[in-house]
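Each protein sequence line maps, in turn, to chains A and B. In this text, residue positions in the first sequence follow my numbering: the first is 1, and each later residue adds one. In this text, residue positions in the second sequence follow my numbering: the first is 1, and each later residue adds one.
These are calculated hints, taken from the structure and not from any lab test. Mixed in with the good hints there might be a few duds.
With a straight-line Cα cutoff of 25 Å, these simulated SDA-like cross-link-like pairs (lysine to any residue) come out [to be verified]:
id, chain 1, residue 1, chain 2, residue 2
1, A, K244, A, G262
2, A, K244, B, K25
3, B, K102, A, M239
4, B, K25, A, V299
5, A, K151, B, K108
6, B, K102, A, F248
7, A, K345, B, W96
8, B, K62, A, D195
9, B, K79, A, S141
10, B, K75, A, I343
11, B, K25, A, G262
12, B, K79, B, P97
13, A, K243, B, K79
14, B, K108, A, A146
So these bits of chain B aren't anywhere near chain A, every CB distance computed over 10 Å [said to hold, decoys possible]:
id, residue
15, V13
16, I22
17, G49
18, Y66
19, I123
Cβ atoms here follow ideal geometry from the backbone N, Cα and C, with glycine treated the same way.
The chain contents come next:
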Amino acid sequence: MKITTRRSYLLASLGVILVILVLFFGTTGQSQAGSAIPENQPTGETTTDWTQVKTLFAQGAHLVTPSRYTAASLPPAEQDPCLHCHITGEETSLWTPLVRWVFFGGAGLLFAFGIYRSSSVWVSREPWKPITTRAIEWVDSRYDVAEPLSKFLSKPVPKFAQRWWYCLGGITAFLFVVQGITGIMLAFYYKPTPDAAFASIQFIETQVNFGSGVRMIHHWSANLMIIMCTAHMIRVFIMGAYKKPREFNWISGVLLLLLSLGFGLTGYLLPWDQRAYWATTVATEIGAAIPVIGSLILVFARVGWDVAAQTLSRFYALHILILPLVTIASMAAHFVMVRRLGIAKPL
Amino acid sequence: MAEMDIHSNEESVPFYPDHVTIEAKVVLGLSALALVIGLIGLFAPVGLGEPADPMNTPAHVKPEWYFLGLYQLLKYISKTMGAVLPVAAVLVITFWPFIDRKPDTTSKAYRWRAIAVSVFMVILIAMTIWGEVS
């Protein structure tokens, strides 16, 4: 590209920016002049009588026509959080300036883009390339992803894999994504301490918008995930899809099922109600039944001999940090192997 | 791998867009299901019981439903057996591909494995239900 071309691009862009800036400053100045905020002069010559202002405001002085305005009859500055967003006296909602900005701003951007495109076509004497093509070329010239990506996307999937029982694993994976999203949403409000946990779940259920819906989705997807994971495992087992060369895929799958159960165990304690507390007490006792290392497992899981504040902290850390990381790593390995080895051909 | 070469154009579809479309449909359906569950949750929340009280053990203490079968097993067999059996089962399941190494030649293998898994699942579900009602 020639230097003159670049310069003209730069000039055109600068011109557009300048026009926008002038328009912006123009409107801001205008509305501030129109609002005519009563100013406290440092000399102290004209002090605003705020009681009079409040009386006038209560009488509806700000609703009368602009010609009758005086400086004293205007509403005090703290009445409108954004004076330059509204014409004085109009309803101070968010929507009026927002709709204005979107409408006129959109039209302005379209206009600016039109000028930019026309000048570009004029200067370069080349047909205009769509913005998507440009974006793809921009990324590909830096990261060189088009070829491997197209190779990945065009990889054939056998037709026998279109039966419904082949999508059980995919459903499990999608439910994990759902769990991730709803889990992050719940984590914004949840407090992992015995004193606050129960109250924070109550807060989610009663005060947060759609909080009980999100918790319901998290609750049922968790159960559904374990069911779907088991169903996928049964399908793979019956069809012998674990045989050479897919042994390690089976092992990572078993690991993923155990991780799902771990998610269930650690997540069940978090509401910190009687059911959660005693279910966790009983479930960790199952681990304690193992002969030699049982007590060690119990103490490690509960951080002591009883389910207490430290247990909640540990289960929370496991539930939102360690288990997700291990699960994502295992899932990545699982999927990469599925893609590389292909889907096992049934008899 | 060798199996990838067998897939000729007649018996396979491209990953994109054919297979991705199917997966997208599944994802859409599941999202709709999640939405319905969420809407139900707005009117009938999961809810909470009494706040946890370590001093007060409720009458019927139960673990989560996926541990219920195991919990029920532990009630009736000796403690050592009840712990060793599940661990051994998990180990056998994990390393099953190295135990069952013969490639399938007839559909008889399918049938035997289907019977085995059915028996296992029936026992597991029965134990879970037993644990739930007891």
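Going through the hints against the structure:
no., hint, result
1, A:K244 - A:G262, "violated, 28 Å"
2, A:K244 - B:K25, "violated, 32 Å"
3, B:K102 - A:M239, "holds, 13 Å"
4, B:K25 - A:V299, "violated, 46 Å"
5, A:K151 - B:K108, "violated, 38 Å"
6, B:K102 - A:F248, "holds, 16 Å"
7, A:K345 - B:W96, "holds, 19 Å"
8, B:K62 - A:D195, "holds, 23 Å"
9, B:K79 - A:S141, "violated, 64 Å"
10, B:K75 - A:I343, "violated, 42 Å"
11, B:K25 - A:G262, "violated, 30 Å"
12, B:K79 - B:P97, "violated, 29 Å"
13, A:K243 - B:K79, "violated, 35 Å"
14, B:K108 - A:A146, "violated, 46 Å"
15, V13, "violated, 6 Å"
16, I22, "violated, 6 Å"
17, G49, "violated, 4 Å"
18, Y66, "violated, 6 Å"
19, I123, "holds, 14 Å"
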